[in-house]
Amino acid sequence: MDQRLVGRSGLSVSRLGLGTMTWARDTGAEEATAQITEFVEAGGTLIDTADVYGGGDAELLIGRLLRDVVRRDELVISTKAVLTPGGRPDASRRHLIRALDASLSRLGLDDVDLWQLHAFDPDVPLEETLAAVDLAVSTGRTAYAGVCDYAGWQLAAAAVWQRAADSRAPIVCAQGEYSLLARDAEQEVLPAAAHVGAGFLAWSPLGRGVLTGKYRTGIPADSRAATPHFAEFVRPYLDERCRRIVESVATAADGLGVSPLSVALAWIRDRPGVSAAVVGTRTHAQLLGVLQAEELTLPQAIREALDDVSDS
1 MDQRLVGRSG
11 LSVSRLGLGT
21 MTWARDTGAE
31 EATAQITEFV
41 EAGGTLIDTA
51 DVYGGGDAEL
61 LIGRLLRDVV
71 RRDELVISTK
81 AVLTPGGRPD
91 ASRRHLIRAL
101 DASLSRLGLD
111 DVDLWQLHAF
121 DPDVPLEETL
131 AAVDLAVSTG
141 RTAYAGVCDY
151 AGWQLAAAAV
161 WQRAADSRAP
171 IVCAQGEYSL
181 LARDAEQEVL
191 PAAAHVGAGF
201 LAWSPLGRGV
211 LTGKYRTGIP
221 ADSRAATPHF
231 AEFVRPYLDE
241 RCRRIVESVA
251 TAADGLGVSP
261 LSVALAWIRD
271 RPGVSAAVVG
281 TRTHAQLLGV
291 LQAEELTLPQ
301 AIREALDDVS
311 DS
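With the first letter of the sequence shown counted as 1, position 195 gets the number 195 in my numbering; the numbers rise by one all the way through.
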């Protein structure tokens with residue numbers, strides 16, 4: 001699997017990342033073991049998690065896999081903090097440092113490679129939040145810092161503050177939702193990232209699973225949309241506009257002799273500014289389908305056609 005530098009930093013990650021939002025909840029230890037083993041064998045390096053995934057159990061599971069299944073030095077470990085169990089952001093220095101130390105304890109690590117601020121907190125001064133980032137880097141708890149789900153101006157403000165303060169912890173990446181069904185990042189976040197030299201990690205690059213084509217004829221019983229905790233997450237992408245885009249992806253896939261998943265993932269993976277597409281697969285079988293996309297580079301004509309149909 002190809003490796004890419006994240007923005008203008010020296011951090012190198014695989015262009016496909018393995019997301020773990022469902023780990024320790026919908027994805028058990030056996031499936032997680034199969035996934036991480038397959039991912040590493042394919043040359044994948046980026047493992048993306050957060051302190052709130054599974055109430056912290058996702059990090060515990062990753063920690064066990066790092067001890068028993070894969071070597072720590074084979075992976076780029078990224079985690080996040082800011083959100084509280086109730087979903088409210090808390091970007092205070094007190095909360096952030098405690099949250100990072102708790103993440104390190106669950107992971108069984110002295111440091112992570114990338115620590116991301118999981119959300120913007122309007123109630124805490126940005127300089128206080130970034131002081132916690134500085135402390136995390138200066139004390140060796142993380143090598144690099146980034147942000148997640150920031151608006152373009154929030155990303156720019158954070159990056160410029162760090163630069164003006166001559167910080168040792170520049171913002172090297174932004175993470176946000178980006179797919180053929182969700183292109184809002186192109187309006188502000190991606191241009192802001194390019195301007196400040198940050199890379200971009202695209203979460204939900206398969207449109208919350210809809211771009212795989214699994215919902216073309218209904219809601220499968222074993223899909224996320226059929227579960228109580230993910231139904232509302234998927235529902236916005238089951239409308240008529242999204243259906244048209246999915247059908248265009250399926251048509252392109254038929255013409256190329258590949259899966260709709262491969263077409264949708266190849267499109268987002270190779271968009272300007274994208275360092276990695278972070279895919280959260282629930283099963284080993286789903287991961288195998290994702291890895292097949294590594295073999296595909298979309299012809300320019302198909303890329304342009306998908307650009308047109310989704311930019312509406």
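Think of the hints as simulated: they come from the structure by calculation, not from any bench.
All figures in this text were calculated on a predicted structure; none of them were measured in a lab.
Check each hint, because a few of them may be wrong.
[What the hints assert, rightly or not] Capping the alpha-carbon separation at 25 Å, the derived lysine to any residue pairs in SDA-like fashion look like this: (1) K214 - D311; (2) K214 - P89; (3) K214 - I302; (4) K214 - V124.
Going through the hints against the structure:
1. K214 - D311: Answer holds: K214 to D311 is near 22 Å, not above 25 Å.
2. K214 - P89: violated (33 Å)
3. K214 - I302: holds (21 Å)
4. K214 - V124: Outside the cut-off at roughly 42 Å; violated.
Hint compliance for this structure: hints 2 and 4 are not met, and every other hint is.
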